[in-house]
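**Q** Start from the sequences and build out the full structure, keeping to the hints where you can.
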Amino acid sequence: MAEDFTTVFLRELQANPAAVLGAIVLPAAGGVYGSRITRANLKTWYAKLNKPWFNPPNYLFPPVWMILYTLSGFASYLIWKEDHIWPLVPYAISIITNNLWTPLFFGFHLLNLALLDLLVLWVSLASCIALFHPINELAAMLLLPYIAWVSFAGVLNFSILLKNPSTKPSSAAAAATTSDAGASQKKQQ
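Those letters in the sequence shown? Residues 1 to 189, per full-length UniProt numbering, in order.
Because the hints were derived from the structure by calculation, they are not lab data.
Just so you know, these numbers come straight off a predicted model, no measurement behind them.
Any given hint might turn out to be false.
Estimated spans, in silico, between C-beta atoms of each pair [unchecked claim]:
#1 Lys163 with Lys43: 15 to 21 angstroms
#2 Ala92 with Asn55: 37 to 43 angstroms
#3 Ile96 with Asn50: 27 to 33 angstroms
#4 Ala18 with Pro57: 19 to 25 angstroms
#5 Ala130 with Asn164: 33 to 39 angstroms
#6 Phe5 with Pro134: 15 to 21 angstroms
#7 Ser166 with Arg11: 29 to 35 angstroms
#8 Phe61 with Leu144: 34 to 40 angstroms
#9 Thr6 with Val123: 38 to 44 angstroms
For lysine-lysine, the following DSSO-like pairs were computed, each having C-alpha atoms within a straight-line distance of at most 30 angstroms [as the list claims (entries may be wrong)]:
#10 Lys43 with Lys163
#11 Lys48 with Lys163
#12 Lys163 with Lys81
Even glycine gets a Cβ: it sits at the ideal position worked out from N, Cα and C.
**A** In structure tokens, the structure reads:
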């Protein structure tokens with residue numbers, strides 16, 4: 001019979017605390033950065049969007065993400081511990097795409113690109129699950145809540161996109177583009 005998550009987690013945390021905590025902090029670090037972008041737009045832009053009936057309350061997102069970061073980080077540790085590096089490539093892609101979603105959605109209000117980003121994230125997580133499973137079944141299972149949440153986030157992102165067809169990129173993104181264009185014109189003169 002396979003060992004449960006708690007038993008394995010506590011044993012590994014005691015045996016190699018720096019590696020376990022580092023594996024958990026790695027995906028969580030991007031979440032800390034993203035939370036700043038989210039907070040800046042939550043009560044303004046996001047509050048004004050038309051959202052579907054199944055949109056969760058805002059307070060639910062931080063604890064869910066902390067759980068997912070812990071599970072996915074520990075899953076990556078279990079694979080790393082077995083000296084399997086290649087299965088961690090899609091995991092790295094999942095971290096990158098996860099960290100891109102918040103600036104795309106909340107920062108630049110690019111709902112369509114954020115949805116595409118979630119699709120890439122979903123594929124990378126599915127790849128991780130498939131690659132992790134033969135190495136460590138628990139590691140693969142720990143990613144199931146993550147891919148389920150990303151699936152839900154994709155449906156939510158798509159629903160918000162459909163309910164807000166006139167959503168334009170943020171004024172900050174437009175201002176940055178305008179200032180870049182102005183700087184280019186000055187250089188030409």
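**Q** Determine for every hint whether it applies to the structure shown.
**A** Results of checking the hints against the structure:
A hinted range of 15 to 21 angstroms for the beta carbons of Lys163 and Lys43 is consistent with their spacing of about 19 angstroms. Take Ala92 and Asn55: their Cβ atoms lie about 30 angstroms apart, and the range 37 to 43 angstroms is violated. Checked against the hint of 27 to 33 angstroms, the pair Ile96 and Asn50 passes, with Cβ atoms roughly 30 angstroms apart. Against the hinted window of 19 to 25 angstroms, the Cβ-Cβ separation of Ala18 and Pro57 comes to about 36 angstroms, which falls outside the hint.
For Ala130 and Asn164, the hinted distance range of 33 to 39 angstroms is satisfied, since their beta carbons lie about 35 angstroms from each other. The hinted range of 15 to 21 angstroms is satisfied by Phe5 and Pro134, whose Cβ atoms lie roughly 19 angstroms apart. At roughly 54 angstroms, the beta carbons of Ser166 and Arg11 sit outside the given window of 29 to 35 angstroms. Hint check: Phe61 to Leu144, Cβ distance near 19 angstroms, so the stated range 34 to 40 angstroms is violated.
Range check, Thr6 to Val123: Cβ separation about 30 angstroms, and the 38 to 44 angstroms hint is violated. For the given pair, Lys43 sits about 18 angstroms from Lys163 by alpha-carbon distance, which is consistent with the 30 angstroms threshold. This hinted pair checks out: Lys48 and Lys163 have alpha carbons roughly 12 angstroms apart, not beyond 30 angstroms. A distance of roughly 45 angstroms separates the Cα atoms of Lys163 and Lys81; the hinted pair therefore is violated under the 30 angstroms criterion.
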